[in-house]
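Per numbering that gives the first Met the number 0, residue 0 is the first one in the sequence shown, and the count goes up by one each step.
Hints are computed from structural coordinates only; laboratory data are not their basis. Even for Gly, the Cβ is constructed at its ideal location relative to N, Cα and C. Treat each hint with caution, since some may be false.
Said to hold, decoys possible - In silico SDA-like cross-links for lysine to any residue, where the CA-CA straight-line distance does not exceed 20 Å:
1. LYS176 - LEU85
2. LYS93 - ASP64
3. LYS176 - GLY157
4. LYS149 - THR23
5. LYS149 - ASP163
6. LYS176 - GLY109
7. LYS3 - PRO32
8. LYS149 - VAL159
9. LYS93 - GLU122
10. LYS149 - SER167
11. LYS8 - ALA22
12. LYS8 - ALA141
13. LYS93 - VAL130
14. LYS149 - ARG30
15. LYS8 - GLU34
16. LYS8 - SER33
17. LYS8 - ARG30
18. LYS176 - GLU88
19. LYS176 - GLU131
20. LYS176 - ARG123
21. LYS176 - VAL130
22. LYS93 - ALA178
23. LYS149 - ALA29
24. LYS8 - LEU26
Unchecked claim - Pair by pair, the computed Cβ-Cβ distance ranges are:
25. GLU52 - ALA145: 16 to 26 Å
26. THR147 - GLN119: 39 to 49 Å
27. PRO32 - ALA177: 33 to 43 Å
28. LYS3 - ARG115: 29 to 39 Å
29. ALA22 - ARG138: 21 to 31 Å
30. GLU135 - ASP72: 28 to 38 Å
31. ALA125 - THR5: 30 to 40 Å
32. THR74 - ASN126: 11 to 21 Å
33. ARG115 - GLU135: 19 to 29 Å
34. LYS149 - GLN119: 35 to 45 Å
35. LYS3 - THR147: 14 to 24 Å
36. LYS8 - TRP160: 16 to 26 Å
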Amino acid sequence: MALKATIFKAELAVSDLDRGHFATHPLTIARHPSETDERMMVRVLAFALNADERLSFGRGLSSEDEADLVLTDLTGAIDLWIDVGLPDEREIRKASGRAARVAVYLYGTGAELWWRQNAQAMERLANVAVVEIPLEATRALAARAARTMKLQCTVQEGHVWISDDESSIAIEPLVRKAAA
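Throw the hints in and build the complete structure from the sequences for me.
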């Protein structure tokens, strides 16, 4: 019998001064049994950095050929495809053909190596952005994971602060490649 996803609830208040987006988003996050708290919280961070009322979580690790987060327009066309982790370069290439924009959020000890191995291929994809989240930040986020969370996220000049009732985490994402 297959294990079921664990459901997490988050109230995410986003103040994105760079994009002019200010809203509170109630999130229901299904964490696949094989997914770590770190990966789940990077997905929450990716949501915060791209927050929109039409942005939604994909079905996760159990569904291949599906984004971790996706933003569709009113016709159902994919405006933004977001992958988290160290995705296969072929999957990113495929996503760049399906979506107007693609964002990849790298994290973990293999992020630097992934970038060195895939930088040339990513440079050929004009609509793809690649952002690396520092290891210490993702580990601090993982430590904040709880079944019920109330988070505040502020984005200003490329810097990110995520806080809960107990502490605040400063994150400086490294933009490896910006989309054209």
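Note whether the CB distance of THR147 and GLN119 lies within 39 to 49 Å or breaks it.
Holds - the Cβ-Cβ distance for THR147 and GLN119, about 43 Å, lies within 39 to 49 Å.
Measuring from beta carbon to beta carbon, are GLU135 and ASP72 in 28 to 38 Å?
holds (36 Å)
For the range 30 to 40 Å, tell me whether the beta carbons of ALA125 and THR5 fit it or not.
Given about 38 Å between the Cβ atoms, the range holds.
Is it true that PRO32 and ALA177 lie within 33 to 43 Å of each other by Cβ?
holds (35 Å)
Given the hint that LYS8 pairs with GLU34, test it: the Cα-Cα distance must not exceed 20 Å.
The given pair, whose Cα atoms are some 16 Å apart, holds under the 20 Å limit.
Is the Cα-Cα distance between LYS93 and VAL130 20 Å or less?
Distance ~19 Å between LYS93 and VAL130 Cα, so the pair holds.
Pairwise hint evaluation, ARG123 against LYS176, where the allowed Cα distance is 20 Å at most:
It holds: about 11 Å lies between the C-alpha atoms, which stays within 20 Å.
Measure nothing beyond the straight line between the CA atoms of LYS176 and GLU88; if it is 20 Å or shorter, mark the hint as holding.
Holds, at roughly 14 Å.
Given the hint of 19 to 29 Å, is the C-beta distance from ARG115 to GLU135 inside that range or not?
Once the Cβ atoms are compared, 21 Å apart, the range 19 to 29 Å for GLU135 and ARG115 holds.
Does PRO32 sit within 20 Å of LYS3, going by the straight-line distance between their CA atoms?
With Cα atoms ~7 Å apart, LYS3 and PRO32 stay inside 20 Å; holds.
Proposed proximity, VAL159 with LYS149 (alpha carbon, max 20 Å)
Measuring from Cα to Cα gives roughly 16 Å; hence the hint holds.
Can you let me know if the beta-carbon spacing of LYS8 and TRP160 is within 16 to 26 Å?
With a Cβ separation near 22 Å, LYS8 and TRP160 satisfy 16 to 26 Å, so the hint holds.
The earlier numbered hints are all upheld by this structure, with none contradicted.
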